[in-house]
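Using the sequences provided together with the hints, build the complete structure.
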Amino acid sequence: MINDFKQLLKRGKKLPCRRLAVAGADDADVISAVYQAESLGLVSPILIGNEIKIKELLRKIPSKADIIKADRKEDAAAQAVKMIRDGKADFLMKGMIDTGTLLKAVVNRDTGIRKAPVLSHVAVLSVPNFNRLLIATDCAMIITPTCEEKIRIIENALTVARALGIIIPKVGVLSLTEKINPKIPSSIEADMLAQYFAPRDDVIVEGPFALDNVISENAARRKGITGKVAGAADILVFPGIEAGNIFYKTVVYFAGCVPTGIIVGAKCPIVLTSRADSEQAKLYSIILAMVVHGETVNISH
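Just so it is clear: in the sequence shown, position 252 is 250 by the working numbering, and no numbers are missing.
Any given hint could turn out to be false.
What the hints assert, rightly or not - No more than 35 Å apart at the CA atoms, straight line, and that leaves these computed lysine-lysine pairs for DSBU-like:
(1) Lys265 <-> Lys226
(2) Lys71 <-> Lys4
(3) Lys86 <-> Lys226
These are computed hints drawn from the structure, not numbers from a lab. Given the structure is predicted, the values throughout are model-derived calculations rather than measurements.
If you want it as structure tokens, here you go:
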């Protein structure tokens, strides 16, 4: 099982070099992260965007990246998606382009690459002084997911968990409280989700949980909370994007967490990080997408 980003990198280095299409590559931080991945022998970059700016940014970097001209962000997104459809690239990365612009191309009925019924954001977080990687979802995409959408969100997160070597992922569905309260809809939905997944033997889903009860064995024990997920969750499922996004940014800015983020549910993983995320976060997001893509390829074959 992969417990930290050093192990993630080690796993990525064992995979074949992948072709990475970057939509909106005309950004210094994006190119720097992509070049790091290239210099490690992980990816062969395809940089799509403002050709003049990309060449200027590459002037002092010995990259062998291919450059594809796209003056408009919409064109960059469309060309990146087309490369996936045509088999000319293995996975995607969002560069200096709005998420909505990229996703519009991804989900286009005629030319897109949607695969699952729901696309969702999956973050993998390396939190200092924590003994494992944490998977959090959805922190950046679906604003107010329905119970049915949360089922799909969990399924997408399971893809990432299994790529990290977690055989039977433990999923904690979060709410304000660990008790079902008719005045707190998220607590009712958490119980519904736990019941939905209960018959399966390839995943353990429990809830509702308050946050402390799924990450701290001591907190769970002191509150008398039992179950296989209490204090031991691999995946945190948030009630909505507000809670997920606030958690994501809190652990980054207050706890020094290194985050990674990808979109799951398309024909390939899509690297999607915040524009404010560090170069390191972008690099590890590329590696995460590679590892998830590699696991998906193995399963399909």
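In ascending order, which of the hints set out earlier in this document are inconsistent with the structure? 3
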